[in-house]
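Enquirer: Below, each chain spelled out in residue letters.
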Amino acid sequence: DTAVSQTPKYLVTQMGNDKSIKCEQNLGHDTMYWYKQDSKKFLKIMFSYNNKELIINETVPNRFSPKSPDKAHLNLHINSLELGDSAVYFCASSLSRVTGVYEQYFGPGTRLTVT
Amino acid sequence: DQQVKQNSPSLSVQEGRISILNCDYTNSMFDYFLWYKKYPAEGPTFLISISSIKDKNEDGRFTVFLNKSAKHLSLHIVPSQPGDSAVYFCAASAKSFGNEKLTFGTGTRLTIIP
Chain E
1 DTAVSQTPKY LVTQMGNDKS IKCEQNLGHD TMYWYKQDSK KFLKIMFSYN
51 NKELIINETV PNRFSPKSPD KAHLNLHINS LELGDSAVYF CASSLSRVTG
101 VYEQYFGPGT RLTVT
Chain A
1 DQQVKQNSPS LSVQEGRISI LNCDYTNSMF DYFLWYKKYP AEGPTFLISI
51 SSIKDKNEDG RFTVFLNKSA KHLSLHIVPS QPGDSAVYFC AASAKSFGNE
101 KLTFGTGTRL TIIP
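Residue numbers (the working numbering), protein chains in the order written: chain E, 1 to 115; chain A, 1 to 114.
This list has only true hints and no planted wrong ones.
A few chain A positions that, by computed beta-carbon distances, are all more than 10 angstroms from chain E: (1) N7; (2) S8; (3) Q14; (4) R17; (5) G60; (6) K68; (7) K71; (8) H72; (9) H76; (10) Q81; (11) G83; (12) D84; (13) S85.
Some chain A residues close to chain E (C-beta under 7 angstroms, calculated; not the full set): (14) Y32; (15) E42; (16) G43; (17) P44; (18) F46; (19) K101; (20) F104; (21) T106.
For the record, the hints were derived by calculation from the structure and aren't laboratory data. Where is the CB? At the ideal position from N, CA and C, for every residue including glycine.
All chains should be modelled from the sequences, with the hints used to inform the complete structure.
Expert: Structure follows, in structure tokens:
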């Protein structure tokens, strides 16, 4: 059983388009995240939701909008895609606030290529 | 400003020997540290963690050491196995930032030579 899943795994699109990436976790976790890994392999947090409430919002262009319909899902919508958005996007989840255990579990990543 | 640094981008170790991966941090507010392992085309996988109240945590072949005064942690893998070949990331968090926020290093690619 896949714990944290993301779709699609690969996404190739043109500049100016709008696209979404979906994430689902079946671990019963209460917190979900989006990370971006850029060309330098630097993994950086973008957003975090706890029980559908936004708790972390790093300095990310407002073309990026996360949406959490329920605590098992966190989707990422990107408007007006730019070349610099090309990266691998990882979703993650954790049960931090309940257990005080801070390990995050990651999905397989979505490689976004903007041409 | 990179608060978590892994200064060795790569490391090669003979199978059966000890692998030592290093990580330095600059922010003294960090109080929880984690190591992740990443294979190509997969997400990072949690390996082991340590709280700042401890200086060592062991789990099977993996041991993490924390030296708070030096702001340094290391991951020891003994004995190293071919399946350990991967990129290893260290990460840190702080209660005052909300522990959910992990700050990652840039990773060290470990290659185990059979």
